[in-house]
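Protein chains: 2
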Amino acid sequence: MLKPNARYAQLKDAYLFNTIYRKTEEYREKNPGKKILRMGVGDVSLPLCKAVIAALHEAVDDQACAATFHGYMPEVGAPSLRKAIAGYYGKMGASVAPDEIFVSSGACDDLGDILELFDGENTVMVIEPAYPEYVDTNILAGREVIHLNAGEENSFLPAPNEAAKADILYICSPNNPTGAAFNRVQLQAWVDFARENGAVILFDAAYEVFIEEEEIPHSIYELQGADQCAIEICSLSKTAGFTGTRLGYTVVPRNLVRGGMHLRDMWSRNRETRTNGVSYILQKGAEAVFTPEGQRQIRENLSVYKENASYFMEALDAAGIWYCGGRNSPYIWMKCPDGMSGWEFFDELLEKIQVVGIPGDGFGDCGRGYFRFSTFGSPQETKEAANRLCALLKKR
Amino acid sequence: MLKPNARYAQLKDAYLFNTIYRKTEEYREKNPGKKILRMGVGDVSLPLCKAVIAALHEAVDDQACAATFHGYMPEVGAPSLRKAIAGYYGKMGASVAPDEIFVSSGACDDLGDILELFDGENTVMVIEPAYPEYVDTNILAGREVIHLNAGEENSFLPAPNEAAKADILYICSPNNPTGAAFNRVQLQAWVDFARENGAVILFDAAYEVFIEEEEIPHSIYELQGADQCAIEICSLSKTAGFTGTRLGYTVVPRNLVRGGMHLRDMWSRNRETRTNGVSYILQKGAEAVFTPEGQRQIRENLSVYKENASYFMEALDAAGIWYCGGRNSPYIWMKCPDGMSGWEFFDELLEKIQVVGIPGDGFGDCGRGYFRFSTFGSPQETKEAANRLCALLKKR
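Order-wise, the sequence lines are chains A and B.
Using the numbering used here, the first residue of the first sequence is number 1, and each one after it goes up by one.
Using the numbering used here, the first residue of the second sequence is number 1, and each one after it goes up by one.
Worth double-checking, as some hints may not be accurate.
Claimed, not checked - Below, a list of computed lysine-lysine pairs in the DSSO-like style, where the Cα atoms sit at most 30 Å apart: (1) A/Lys12 - B/Lys3; (2) A/Lys83 - B/Lys12; (3) A/Lys352 - A/Lys395; (4) A/Lys3 - B/Lys12; (5) A/Lys83 - B/Lys30; (6) A/Lys50 - A/Lys91; (7) B/Lys83 - A/Lys30; (8) A/Lys83 - B/Lys23; (9) B/Lys50 - A/Lys50; (10) B/Lys3 - A/Lys3; (11) B/Lys3 - A/Lys165; (12) A/Lys395 - A/Lys30; (13) A/Lys12 - B/Lys83; (14) B/Lys383 - B/Lys335; (15) B/Lys165 - A/Lys3.
As the list claims (entries may be wrong) - Reference listing, derived: stretches of chain B covered by chain A, where coverage requires no fewer than 3 residues with Cβ under 8 Å from a Cβ of chain A: (16) 2-9; (17) 97-108; (18) 114-121; (19) 189-202; (20) 243-256.
Since the hints were made in silico from the structure, they are not lab data.
Because the structure is a prediction, the values reported are computed rather than measured.
For every residue, glycine included, the Cβ atom is placed at its ideal position computed from N, Cα and C.
If we strip away everything but chain A, and leave its shape as in the complex, we get (with noise of 0.2 Å):
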């Protein structure tokens, strides 16, 4: 008789994302005049750069052709792909060779996948609030997960500690949910500890681009022995608004060795099994992005984000409200006023003003009395979200 996977009954009933879909419908419904402001889920609202649809355009011609046409791609990323990432990273100052790297469907696809590498008896520690990936998956693969909080106290960068000590380590830097973003020395220290303990670091890239300042490191293989310790995970969604067109990459670098095992090795030949690699026409999309004019054109749609940001900032500041993030991330992090949770305060901007976000809650129990707001949606709508935001809150 089939057992299945009893775990799954240790998982919330809904995923975070989809409860507040949820919800925010039943608003609508029963009141169908309201403009509802979603800043909640962080999807973007920019169609794709120029530079991308013309690739995107090009690679589908390429697949009406049999001269031309593409059957399987190669299960590790087209080579022109990860050459070009390869070079993305290079200017960033890190060295990464382009077998190490490897295309993915997308970032939450090989969060999962990756954890194929390691034994089911290892620790994993997640550093709290967090995206509930990091939790979920490792509860159904049944490993113990310690959390570790971040606060105020520590502005949501913990350094590590006693407590931190695990055999896998996720660090989300910029942070989804929080928008803090660790500095040379303090991912110096993790990528240090990590080394002293034998643990692999996950290090979740996704918001990298939206760095401004010197001192925060795009890649964590910008760091002094990161090869040695650490694999990243970064993805085009927020880059350049793949968020419905998909793809990601994985780095593995070629020094990572565990117990013997060489994990670059391991997880070349996992995906050789595992996949069979990613669509011709994303990745010559993707490709497009890596070009001069693509940079270009992606940081145009950029900094209309950033603006965005600064919306919710000056409200924030206005209102003499606690936050963190908005700088070097797409996301803004804030104290609920008042003592509230986030799932009250949820209920007050959507009864009150109709704008939705995500409650800290839903990150942890230490994102507890605290707000996400994401800087994805339309200038206009964010602007005015920000206005109704500021409004109710010098009201209290």
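Knowing the structure of chain A, use the given hints to seat chain B on it.
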């Protein structure tokens, strides 16, 4: 200290198809003047049909404009595509609802991911010879694999028996690599066996579109009770030439319950956690496959591959060699002459006639002494390969 997943050491050094590729490239480099005909890997050669190309271009244009831009897609698949696939099942005489259909990046990805539904202690039955991923993914997950041998004595279509008792039963029909296909009576016996034992069948239907004979079911859901014991995994790779474009779908029926848990709901929850959905562009392209015009166009391509099969079948008939497949399948599974092993025959074909196929040994021990040809090459090359093969076999 992190422990890597030590089970990688139990896998063969390289994935079968990569070994074939490497051996062929070595020969090519040493023999630059020889024209190699690759009839090995099941990769299509005909371009995408016009209806799909038009839909892909249209979807790319949608991504170029804020008003039509699509961000995150539903993790389970676009509603319109799920509905189109449900309609396709309806025409086969199988009742599958849209919310039992989950759109994926390809069957290969889902064949691994789906195992997250099951406890690690479950046993697995694989009918050998088999697609290597069935075995490798379960080795990595630490499950015990029971091998049920197929052979000429049962036309490579074994019936269930005591030795086949396991919790998870892999069935691929029409089969890769043998091309053999279960008829209704034979497949019903497997469904009944699964239900009696509380097992779950993972039914790989990747080649259903090649079925010509009335008595061969296209979907396992054409059979009584299959909705209570089977998950079906399918793909557009072979159906519509999507090997390099990527899209598949998996059916988890509402009535599939084990240990009180609804596998459909678990899979929904899994997808929400583990993916951010499949590319909007690819889903629009896939939807065009299920239109009347798309169906007509893909069938034109399929008739070319069917003619390719006939070239091999005629060659083997003329040489008096035993084989199966070809009729309801894009694969031909032949017995190697004179008791040769598959790898010996591989070397002989490469050296003497520069035709590449896949040694049966690569699909498990009981594939030793057999050899697989794919019919997905260009008609010209396939005809030439079949002629060379016929001449070689007659000379022996």
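Notebook entry, point to check: Can you name, in rising order, the numbers of the hints this structure does not satisfy?
Noted result: none
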